[in-house]
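Novice: The lines below spell out each chain.
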Amino acid sequence: MSAVAAPGFPAPARRLGLRGGLRNTFTLTWRSVLKIRTNMEDLLGLSLQPIMYLLLFTYVFGGAISGGTHAYLQFSLPGILVLSVVFATLGTGLMLNQDIANGVFDRFRSLPIARWAPLAGAILGDMVRYSISVAVTLSFGMILGFRITTSPLAAVAACLLLLVFALAMCWFSALIGLMVKTPQAVQWFGFLAMFPLVFGSNLLVPSSTMPGWLQAFVKVNPISYLTEAERGLLTGGPVATPAIRSLLWALGIFLVFAPLAVRVYRRKT
Amino acid sequence: MRYDATNAIEATGLVKRFGKTTALAGVDLVARPGRVLGVLGPNGAGKTTAVRILATLLRPDGGQASVCGYDVLRNAYQVRQLIGLTGQYASVDEGLSGTNNLIMIGRLLGLPRARARARAAELLARFELTEAAGRIVKTYSGGMRRRLDLAASLVSQPRVLFLDEPTTGLDPNSRTDVWAMIRGLVADGVTVLLTTQYLDEADQLAHDIVVIDKGKVIATGTPDELKARTGGQVLLVAPSDPARLAEVGTLLEALAGAEVATDAEAGVVSAQVTDKTLLPRAVRELDDRGIELAEFTLRKPSLDEVFFALTGHRTDEQDDTPTRELEDTSR
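Which chain is which? The protein sequence lines are A and B, in order. Counting the first sequence from 1 gives a position; our numbering is that position plus 1170. Counting the second sequence from 1 gives a position; our numbering is that position plus 179.
Keep in mind that the hints were calculated from the coordinates and are not lab data. A couple of the hints might just be wrong.
Claimed, not checked - With the Cβ distance kept under 7 Å, some of the chain B side facing chain A (calculated, not the full set):
#1 Gln260
#2 Met283
#3 Ala312
#4 Val316
#5 Thr318
If you're wondering where the values come from, they're calculated on a predicted model, not measured in any experiment. Beta carbons: idealized from backbone N, C-alpha and C, even for Gly.
If we strip away everything but chain A, and leave its shape as in the complex, we get (with noise of 0.2 Å):
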């Protein structure tokens, strides 16, 4: 077609390249980092929610499971820097919804802007959220006594094995997020679909006491593989074959859930 020209203004450029779109994508990052800076009250709860975790169980569970807090402190953090990250992904659903019901999403679509810019800008904020999180835990962690028995550099590697399974979740919670309509459903369908997979695995406990349907389901619970990991690599422990699974699970969940929120998220343009 040919463009239509009125004078004094430049007939509309074609389409926008990768790099628009990338550079859409950087700018909606700095909104949801903006963002969290300015909602003190969602920065609190993700910090505050670690802190819980860490006291509630190290003194609660921590007699009865291994006889002292602080042992049960080194076999239970890396599980609950798992739980805190894992629940934290809860957030993209949330904040992707609250877009969408207060028309941000709307106002988005009807600029000039790639149209996975959103969507991606999202999840790239929300990993600063995840990192602040996974900082909280291990430093509070650290504070009750905690201690890394390997190296600095595993513990690096513990970190970003958690973020990259996180970018993977966040998917996952980002289709709730886009399929429901109100933040309390969001919540809802998260915490269904994310206690049994949190809970049902050897986070807090050891498997060795659960009923042998229990264990079966433990023994392929992505979230079993990647507190193995993390054990592996903060406490020692085998840390190759968990990680490679845990790996494995996360691009698996990616491939899936990346590809249906996408979908969902065009079908409403």
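With chain A held as given, fit chain B onto it using these hints.
Specialist: Below, chain B without anything else, positioned relative to chain A:
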């Protein structure tokens, strides 16, 4: 495909269904460049659906639409470069400050950082939001939010601006402010499509009006044409001496050959004018009897009266099927 580019907005036969409900049943409309097209109709008439289609947010089930000659489906990316959108739905981010909202949009539109910042400051000043610029939008009043919404849709200097019920829920002062801003934009050459439930708003702002009811266009024309459509104008006569009001009433009744309304409190008699000779005859008769006049006015019917004549119901009557809710279920 190219449409007649002399029109800023053109839509033919737009159809949109949500489940079993038909929100639009073949809507045609045209907005001339640099003019205000008022889309008028009660709640649930399909106004918002039409705007969402024209602003590339919703795919129509049938029909075609273009903005400045660009098809809203095939050339959506071009259309998005030309339009600005303000509505109950296309909103600003409550969790950011006014400044950051506008900077974000500027950056999304590809403005360099400094340019985006300058543009934000300029718009905030223009909409009298400079003082609140650094505050989170959550703390803004309704009027301030609406002004920021409007500012947000202007960052790109759009050629076509969609305003979906821009003054709904605003107090009279803020409404007048928004009206003044819209007039300013039109003076700058922007084409505006304005939806409203308020007839006086359409009357005040629109050059052309499309009346939509139940997903169909039931009338088009200028405000004056629409008012003329209901036929008669209204003649208002007030004698200087209130004591002669009854006399004037009887006289006009005889001349008009129809019942007249006498408002004793205002001291005015009003008569429907169906016959064009009524005016000269009335002047002659009143003069013959030596009745001095305080007022002698010919008034067109208000758009309220027009709307009632066209649809058979008042504008504030709610439709059974609010479009907005239906769109929500499609999410």
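Novice: Now look at each hint and say whether the structure bears it out.
Specialist: Verification of the supplied hints:
no.: 1; hint: Gln260; in the structure: 4 Å, holds
no.: 2; hint: Met283; in the structure: 5 Å, holds
no.: 3; hint: Ala312; in the structure: 14 Å, violated
no.: 4; hint: Val316; in the structure: 10 Å, violated
no.: 5; hint: Thr318; in the structure: 11 Å, violated
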